[in-house]
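Peer 1: Just so you know, the sequences run in chain order A and B. The first sequence begins at 1 in my numbering and counts up one residue at a time. The second sequence begins at 1 in my numbering and counts up one residue at a time.
Read the hints as simulated data drawn from the structure, not as lab findings. This structure is a prediction, so every number in the text was calculated from the model and none was measured. Backbone N, C-alpha and C fix where the C-beta goes; we use that ideal spot for every residue, glycine too. Do not rely on the hints blindly, as some may be mistaken.
List time: in silico SDA-like cross-link candidates among lysine to any residue, alpha-carbon distance up to 20 Å [to be verified]:
| hint | chain 1 | residue 1 | chain 2 | residue 2 |
| --- | --- | --- | --- | --- |
| 1 | A | K194 | A | E118 |
| 2 | A | K401 | B | Q137 |
| 3 | A | K397 | B | I29 |
| 4 | A | K401 | B | D74 |
| 5 | A | K401 | B | E23 |
| 6 | B | K33 | A | H58 |
| 7 | B | K33 | A | N340 |
| 8 | B | K24 | A | N340 |
| 9 | A | K17 | B | D20 |
| 10 | B | K55 | A | K17 |
Take a look, some chain A residues computed to stay more than 10 Å from chain B by CB distance [claimed, not checked]:
| hint | residue |
| --- | --- |
| 11 | S59 |
| 12 | K76 |
| 13 | D112 |
| 14 | M152 |
| 15 | E183 |
| 16 | V257 |
| 17 | T258 |
| 18 | P276 |
| 19 | N298 |
| 20 | I322 |
| 21 | N340 |
| 22 | H341 |
| 23 | M402 |
| 24 | L403 |
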Amino acid sequence: MLDVYKIREDFPILGKKVNNTDLIYFDNAATSQTPNQVIDVISNYYKQYNSNIHRGLHSLSADATNKYENSRTIIKNHFGASHEHEIIFTSGTTHGINIISSGLEKIISSKDELIVSEMEHHSNIVPWQMLCEKTGSKLKVIPINDDGSLNMDEYKSLLTSAVKFVFINHVSNTLGIVNPVKEIIDLAHKNNSKVLIDGAQGAAHFKINLKELDVDYYVASAHKLCGPTGVGFLYGKSELLNSLPPYQGGGEMISTVTFKKTEYADLPHKFEAGTPNIAGVIGFGAAIEYMNSIGFNNIEMYEKELLDYATENLKKIENIKIYGDVDDKISVISFNVGNNHPSDIGSILDQYGVAVRTGQHCTQPIMDHFNIPGTVRASFSFYNTKSEIDLFIDALKKASKMLG
Amino acid sequence: MQSIQQIQDQIIEEFDFFQDWSEKYQYLIDLGKNLPEFNDSNRVDSNLIKGCQSKVWLNSSFDNNIVIFEADSDAIISKGIISLLIRVFSGHTPNEIIAANIDFIEKIGLNSHLSQTRANGLLSMIKQIKIYALAYQAKN
């Protein structure tokens, strides 16, 4: 079991005061906080060996290149990819999705169909709508059930022979629901369809093995896993990544350049044009190592405990409605209290030092499904405590009374 | 009729009585609840103000060189803030509205209690009020 009070000492921001009261940070689904172990690695990069990677012959560059590539190995090992070159560093989940959607422009035709779900983040909807506009292909949507879970029967019936791709999130950022991605992938593969999983919310909360999942593409962001913002990765099976054209042209992604013909570099460099976020990538590796030092099993168990504790106590509040209250979910709770607008609840909670997210959470189709303007979303991480949950619930009761 | 500046000064004086943020919020909530009923026919998309997390509708009418504002929101704190804006701006001439320097929001300490998202929403409301005034001024 993890020692939460010891862990909290690693996160300087958790000692901060907000509105003259202790910060209670429950917006972890938007971004997680950063431990000293990651901050120090990033700061050390700029102090000790800041230099451009892959090209320089000098020692600093070699050092930076080694550490940058070492992060690729850490990520490959952690997520269970087969090869380092299947891990492409990106600026985040959205960037990873756009590399694929842009690469598919020449591959997808007007006869093809693509599948997304009703619970996707806008960043896993809009790039595919844009792809459909460019190619004339059709976007089909798996609806959600009233408990927020995916309607798998509908998924099966949508999987026709025209479907080339399925794009689904591992975990819903709004509802916290964990989708049955293994089943989704297996069904798609039987249908000769490829699958991209948006792992922005999944990667931080439990161990993932890409090889076992047999997923075709997987995308995630470092800043949800205690890493820095502006970094993420795209995983793709070698043969699939090789079949896609480069996303951006520039330095680093070429092997030879003449005015007659330019040869592209091999994976992963083909998709890493320009100077990357070197410090960020190195910090990403440090973040994965930090979380592994705590242990993903410990994290999963502890976060489940926080989720159950919060859910049980929230349900005691009069007129509360929790969206996506299913068994298989991560520590995210989306709710409304009576007819109060989520922004009113959120504004008052903020005065009590409680940081939650309010609004549509970039998932307007979910809000339309439930016919609500938005929700209040509290999301917990392994560095949160039950006493913080008590204070949050107390503040929520006060907010509800003020608004009542 | 009080000037826009006089009304603002009065609001600043009223807020001076409040001891802490919760009293200010409670006052805004009460103002929101007491905001005169909004005409349903004006609750249309063209009256929606962009840039607010909650929905805010603003409608205006112009008679005898006087602009009258009415507004509504689906969030109660926004309604309270709107209520203050209507009290400040409604019933004045386009010239007065355009020339007005809005300082009460900062002086009542609301700024520090508004998130950036909310503060942007508030700016959009003031901007829209001034745009209406400009349009009526041009019409004159």
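Peer 1: Taking C-beta pairs only, is P276(A) more than 10 Å away from all of chain B?
Peer 2: The claim stands: P276(A) keeps its Cβ more than 10 Å from every Cβ of chain B (closest is about 30 Å).
Peer 1: Between the alpha carbons of K401(A) and D74(B), is the straight-line distance 20 Å or under?
Peer 2: Within the cut-off at roughly 18 Å; holds.
Peer 1: Checking the smallest CB distance to chain B, is D112(A) really beyond 10 Å?
Peer 2: Label holds. Min Cβ-Cβ 35 Å, cutoff 10 Å.
Peer 1: So if I understand the rule, the pair passes when the alpha-carbon distance is 20 Å or less; does K194(A) with E118(A) pass?
Peer 2: Satisfied, since the Cα-Cα distance of roughly 19 Å is no more than 20 Å.
Peer 1: Can we confirm that no CB of chain B comes within 10 Å of the CB of S59(A)?
Peer 2: holds, 44 Å
Peer 1: Checking a non-interface call: every C-beta of chain B should be farther than 10 Å from the C-beta of N298(A). Is that right?
Peer 2: Given that every Cβ of chain B is farther than 10 Å from that of N298(A), nearest at about 34 Å, it holds.
Peer 1: Grab the minimum beta-carbon distance between I322(A) and chain B and tell me whether it stays above 10 Å.
Peer 2: holds, 20 Å
Peer 1: Does the alpha-carbon distance linking K33(B) and N340(A) stay inside the 20 Å limit?
Peer 2: holds, 12 Å
Peer 1: Holds or violated: K17(A) and D20(B), Cα atoms, limit 20 Å.
Peer 2: holds, 17 Å
Peer 1: Is the Cβ of N340(A) more than 10 Å away from each Cβ in chain B?
Peer 2: Violated, since 7 Å does not exceed 10 Å.
Peer 1: Minimum Cβ separation between E183(A) and chain B greater than 10 Å?
Peer 2: holds, 36 Å
Peer 1: Taking C-beta pairs only, is T258(A) more than 10 Å away from all of chain B?
Peer 2: holds, 50 Å
Of the hints listed earlier, those the structure fails to meet are numbers 2, 6, 10, 21, 22, 23 and 24, in rising order.
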